[in-house]
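Participant: Chains as they are written, first to last, in the working numbering: chain A, 1 to 395; chain B, 1001 to 1384.
Hints are computed from structural coordinates only; laboratory data are not their basis.
These numbers were taken from a predicted model, which means no experiment stands behind them.
Note that the Cβ used here is the ideal one computed from N, Cα and C, for glycine as well.
To give an idea of the chain B side of the interface with chain A (calculated C-beta under 7 Å), a few residues:
{"#": "1", "residue": "Gly1020"}
{"#": "2", "residue": "Arg1091"}
{"#": "3", "residue": "Ala1115"}
{"#": "4", "residue": "Gly1170"}
{"#": "5", "residue": "Glu1295"}
{"#": "6", "residue": "Pro1307"}
{"#": "7", "residue": "Pro1317"}
{"#": "8", "residue": "Glu1319"}
Covered stretches of chain A, as calculated for chain B (at least 3 residues, CB under 8 Å):
{"#": "9", "stretch": "120-132"}
{"#": "10", "stretch": "324-331"}
Simulated DEER-style distance windows between Cβ atoms:
{"#": "11", "chain 1": "A", "residue 1": "Asp100", "chain 2": "B", "residue 2": "Ile1378", "range": "39 to 49 Å"}
{"#": "12", "chain 1": "A", "residue 1": "Asp100", "chain 2": "B", "residue 2": "Ala1327", "range": "13 to 23 Å"}
{"#": "13", "chain 1": "B", "residue 1": "Arg1381", "chain 2": "A", "residue 2": "Tyr26", "range": "21 to 31 Å"}
{"#": "14", "chain 1": "A", "residue 1": "Thr83", "chain 2": "B", "residue 2": "Ser1084", "range": "43 to 53 Å"}
Below, each chain spelled out in residue letters.
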Amino acid sequence: MTADVDRGGVAATAIREWRRIVSSPYLMLMLVVFPLATGVLMIRIFGSGAARDLPIAVVDLDQSALSRDLVRAIDAAGGVRVTSVESDAGRARAAVMRGDQYGLVSIPPHFERDVARGAAPVVTGFYNAQYLLPASLMKSALVASTATVSARVEIGRRMAAREPRTAALARVEPVTLDVRTLFNPHLNYLTYLATALLPALLQIFIVTMTVHAFGTELRDGSAGGWLASAGGSPWRAVAGKAAPYLVHFVALAFLMLGALYVRAEVPFCGSLPVVAFATVLFVAAYVAMGFAFVAAAGDLRMATSAAAFYCAPAFAFAGVTFPAEAMPAAGQAWASLLPVTHYLRVLVQQGMRDAPLAVSLPALGALAALALAPWPFLLRRMSRLARAASEKRAL
Amino acid sequence: MRTFLSAALDEARLVFLDAGVLIITVLAVVVYAFFYPLPYLNQVMKDVPIAVVDEDHSALSRRLVRMADGHQSIAVRAEAVSVSEAEALVRDGAVSGVLVIPRGFERDVLEGRQARLTAQIDAAYLLTYNTVLGGLLESSGTLSAGVEVARWRAAGASRDAAMRARRPIGLELQPLFNATSGYGTYVVPAVMVLVLQQTLLIGVGMAGGARRERAQARPQGGVQRGHPALRVAGRAIPYVALYAVNASYYFVFVPRYYGYYVPGSLRSVALLTVPFLLATVFLGFSLRALFSKRETAMQVILCTSLPLVFLGGFAWPVEALPQWLRAAAALVPSTSAIPAFLRLTRMGAGLADVARESAVLWSLAAMYFPAACAAEAIQGRKGR
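Bound conformation, chain A alone:
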């Protein structure tokens, strides 16, 4: 009897779990096929890296050489493309309402004449701020193109007055700002967003599948067999069950990093060992969380609902699209309970900015804490299960 118990252990439980996984087509789908498919989908969504040539309309009420110059300059700025030049503002507005265009630019009547007279006519850009990214591309394109055409006009005027070109430039814009963009010089969305979305996607799979692994034992009444495979030891039972998922998801996470930094050529600038270490902690934290949900809820259904609430909106709280510092305290508090928040912080610090290790210690510490914190609770719960199972056997 004791020999029997001794034979059980972490390895035996892990092997039992592994057999459960490979014998279930559904689990293979959720552990391998779907994570890979949705991951590839995410990379494809941002494959172009940047949004370009977004359609906008121009209402040209002047139809002059200069107004056409301006339209060409707007096109040349890159972010937007003038897909229609209207002479009627109503038609252009209707096109925005239909979603055909992201905004419209209005060039006033007598534009060329007024420029020549120095009357400084005003070009108006109506941008749709409901779409933030197209709005910011359109604004930059308009700022750049009106500045270019302005400078051209001004230089022409000054040089006719025999002023040197540099003086003309200084008159147009006495103070200029040269902007250097750090860490993601081309504002590439693959670098900015896909690197954050893939871990956010992965955590959904980790939690759902670890909840499933533990919860189905309760649903199907097979917890006794599970405990027996671990020789009746609660911690061996949990560790043995966790091990295959930890290994599998760490492998998937490394594959994800490879897909991003090697295959998709997202620049990596920082410390690979620290990122690798954080990745292991990230996966371990979510495996522990998944188990904790079942331990707390006591059944698969409730645990799945709770887990969904925990991981489905997590990306909104993770602080990438809307930074944590700008969130209200309650939002920040919730965000700090999500491992993905800390992991994405480490990815920025150690994969993008090449920051010193000390900068990442708080985030790494939080990840470690989230990976370890559920364990005492889990083990207590497993001991109760073990007692219940042994009582059942005694009957």
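Add chain B to chain A, keeping to what the hints say.
Facilitator: Chain B only, in chain A's frame:
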């Protein structure tokens, strides 16, 4: 009629007597309206910390630093002695940008040479980047305009003429909608449409799983008679009724609560909600044939949410998607529903403005209905 009613009643039992389904289709729907907007309540970033490297130490450079600090988007948190020291602050994440005022800045301005400032901005977080960029551009632009106007006035022109002569072409930028560029106002109305779809799909799938589990327990009995089309129509009723309430909650109550309600035509919203719900319910009925257990639907649908957000066209322009992906994404109701509801509820568009999306949603409903009937016919034969 009997078939239709008894199918509706049977499905209503699966939905309204099941705590698991109600948690998703009622509780989650209610709670998400408060939980999801939580991170975005402040709407915009303010006082993002930046560092300044002032190599000029002049009255003008100090004026610029004060202007930058006074801008609502940014706050001067550190004065670094060298560019490399400031760069280290960015790398550490202590500040998000650096403004460098070069030696000779004031002299260049006074002597009529173009003076060049440099900014280094952290692009790790794009919203932070844009906030800092906007703050610095506006601060330096205001200084530049002040310098130019002062020059013209020194030359004897009136203030008005000086303002006009500043630049040959003026530019005015006006937001059409979401005037404050609030982040919550941008994200929340779009995501709410997706929440409606996803909770509905999960609810339909869960009820389907429960139906299968019930069929395994009691293989005989239940609604099997009648044409599958009538049964599908009947089974759709409880969901359409429940989600009509949910939709009015998300399209009327929630926007009013957060103060981003745009008075528009509620009739148009209601008329678009019909094909959106029908397409989603029939898609759910077609999919649930694949879900053998109650929790399967949740597990599968959950992992599609994140990709679907970025196929909805609001966070990432559809123009930037590969063509095949745009075509494939059109098969999901949210892809058409998100932009259409955004235009109706946020931009004051009318039903005619969303005719294209409405046609797609009706086509999806028409396409998924036979698939739902086929799934229903198979389930009817198997028991129920």
